[in-house]
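Colleague: As a plain string of letters, each chain reads:
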Amino acid sequence: MSSRATIYSFLGIGLAATLLLIVAPVAYAISLSFYRMDSFVGTPQWAGLDNYARVLSDWTFWRALINGFVYSLGTIVLQVVLGIGFALVLNQVFPFRNIVRGLSILPYLLPTVVVVLTFKWMVDGSIGVLTAVIAALGLPPVSWFESPAAAMTSVILVSVWMWTPFVTTTFLAALQTVPASLYEAAKVDGTNAVQRFFHITLPMLKPILTVIVLLRAVWMFNKFDVIWLLTQGGPVGATEHLAILSYKTAFSLFDIGGGAAIATISFLILSVAVFIYFRLFPLDTD
Amino acid sequence: MAQVTLNKVRKAYGSVVAVHGVDLHIQDGEFVVFLGPSGCGKSTTLRMIAGLEEITSGTIEIGARDVTRLEPKDRNIAMVFQNYALYPHKTIYENLAFGLRMRKMERTEIDRRVKAASAMLGLDPYLERKPKQLSGGQMQRVALGRALVREPEVFLLDEPLSNLDAKLRVRMREEIARLHQEVGTSMVYVTHDQVEAMTLADRIVIMRDGHVQQVGRPLEVYDRPQNLFVAGFIGAPEMNLVEGRAEGGRFAAGGLALDLPPGVSAREGTALVVGVRPEHMPAGQAPGALALEVSVIEQLGAQTLLIGRIGATRMRVLVERTDAVRPGSVVPVSLRPERLHVFDAGTGMRIESGNAQAGARPAA
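Protein chains in written order, with the working numbering: chain A, -11 to 274; chain B, 38 to 401.
Quick caveat, the hints were computed from the structure, so don't treat them as lab data.
All C-beta atoms, glycine included, are put in the ideal place defined by N, C-alpha and C.
Some hints could be false.
[As the list claims (entries may be wrong)] Pairs of lysine-lysine, DSS-like flavour, derived with a Cα cap of 30 Å:
1) Lys108(A) x Lys141(B)
2) Lys175(A) x Lys45(B)
3) Lys194(A) x Lys169(B)
4) Lys45(B) x Lys194(A)
5) Lys194(A) x Lys204(B)
6) Lys110(B) x Lys175(A)
[Said to hold, decoys possible] Some chain A residues flagged as far from chain B (calculated, every beta-carbon gap over 10 Å):
7) Ala4
8) Ala12
9) Gly30
10) Leu44
11) Asp46
12) Phe84
13) Leu170
14) Lys175
15) Ile188
16) Leu202
[Said to hold, decoys possible] Simulated restraints on C-beta separations:
17) Lys169(B) x Glu134(A): 24 to 34 Å
18) Gly76(B) x Leu91(A): 28 to 38 Å
19) Val182(A) x Glu165(B): 23 to 33 Å
20) Asn180(A) x Gly173(B): 49 to 59 Å
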């Protein structure tokens, strides 16, 4: 086979896979948003932008959008701040460091269902360990899934618990790439530990941090399983974001066109956000 | 400017001792070079002076202050690192100014010092660039500049030229010598390159396995190496070292019998090592000349290195350039007693004229 044929055949396989597995489903989902459909078996009827008009004029959409921002912002900020903090601690020299490093990634390895069940068990009204701790501290009991604020706090807490190890591990790996002599030069230059973090660590790791924040943002904005398993968007929509709303609209209310329209809008918002993000924080820092 | 005093400075990593009790007094304005092979403890010693390594025992004083337990930033030192250690995300100007900014110096004073250093080192065209956009030589100049603006009491330089190519190294060597003359601050310089040490140093500290072997002016360590290690380490090509014994007041080894230098004597039968530098064996017929059977010829340009045997003893001889010698040629070379360095083979120490006789029993 000539090298040109090799190139095209490899390219062709990749292209076909992309078309079949990514472009086609997305195009299909987007196309659904222009039809009126109340089941997957009936004949779809052309609806133009009706679905969009209907969805956008519904206040539950806007509530879900705001919930989505609150959830992603809360989880990203906490994950990144805690993740970096843990990474800095794990980067120090202490006994059994490798074991502790290994253990710290554990939550990330657990299936979401396990993490969610564990959390539910911990906050159980009668036998939960958190419930007991709160009672022991003399604080009023928290209704984790009944009050809107507490429910949002729960989903954020569980998400942070699960995915902070990703930030920690990535940041810890990146920390190993900073030459020790830079810190030494900065020590001689008269910096304290905090100044070294802001003048050396953070600027050196800005490219990796940019990617971490982006990945976490995309994943958290689309995150479905944790919220679905914990609250299903409740109570009364307090934790319902666009992914949950889209699912409920399509599969509970059998408004498939409406659900597809919500998913499409969510996709557009994310695309624009990513575009702006790369404009603000170009990966090539020079 | 200040003196630096090391009192029994020792560094151990667990049971491994990297530096065994170094005592050293560095004069105000002196240029001292730590020289030795890798792993000899020279960098560790420098880093202990900087405060980047904790000291296991002993004390370090800079000026009148005991700095043993002080942080690097409180020692009033500046350091130049082997890999430059410039802050890659800061411009050259910011790199130079950083240490001053961290010390809350006034902006106008920072600017004055940065401009002065940059003029001195020819960095003016690069001040707004990032380190990545500079060549190795320019980066090393920035690293020197960063130390310079601090106007410290002592400059510490850790193999600053070893990342540069040979030609640039020579240029930067001259530049460092010039800088030292201009600012007159004490400098402590670590290298494994004896040419750097010989050309830059006021005094050389030769180290091996964490022990100081000899401290002396460059020509002093060349002329009178205190032990076998220094003898073999200083000088290129390496000194010829011949093992033998004292016999009838002379040195005998494998059919070779040499007079000992005036004033040097050794007890009959003592195991000795005699050293002679290749450049100290002139070729040509002379009374008492020895016959060198040449096996390898290395042309160095202005000089020719002849490698061969005198009797059973392997010798290297450095002579004026000659094109006539071939492998197998026999060349007469002279070996004058006063050119010989005599060492006690047991202790490895130099036997000086006027010294106690080698092999003598200690007085009861």
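Colleague: Each hint: holds or not?
Modeller: Evaluated hints:
1. Lys108(A) x Lys141(B): The given pair, whose Cα atoms are some 53 Å apart, is violated under the 30 Å limit.
2. Lys175(A) x Lys45(B): holds (25 Å)
3. Lys194(A) x Lys169(B): Judged against 30 Å, a Cα distance of about 17 Å means the pair holds.
4. Lys45(B) x Lys194(A): It is violated: about 44 Å lies between the C-alpha atoms, which goes past 30 Å.
5. Lys194(A) x Lys204(B): violated (37 Å)
6. Lys110(B) x Lys175(A): holds (6 Å)
7. Ala4: holds (41 Å)
8. Ala12: holds (43 Å)
9. Gly30: holds (59 Å)
10. Leu44: With a cut-off of 10 Å, Leu44(A) remains clear of chain B, as the shortest Cβ separation is near 43 Å.
11. Asp46: holds (47 Å)
12. Phe84: holds (18 Å)
13. Leu170: violated (5 Å)
14. Lys175: violated (5 Å)
15. Ile188: Violated, since 7 Å does not exceed 10 Å.
16. Leu202: holds (20 Å)
17. Lys169(B) x Glu134(A): 24 to 34 Å: Given a distance of about 56 Å, which is not inside 24 to 34 Å, the answer is violated.
18. Gly76(B) x Leu91(A): 28 to 38 Å: Holds, at about 36 Å.
19. Val182(A) x Glu165(B): 23 to 33 Å: 28 Å Cβ-Cβ, so the 23 to 33 Å window holds.
20. Asn180(A) x Gly173(B): 49 to 59 Å: Violated - the Cβ-Cβ distance for Asn180(A) and Gly173(B), about 31 Å, lies outside 49 to 59 Å.
This entry does not satisfy hints 1, 4, 5, 13, 14, 15, 17, 20, going by the numbered hints stated previously.
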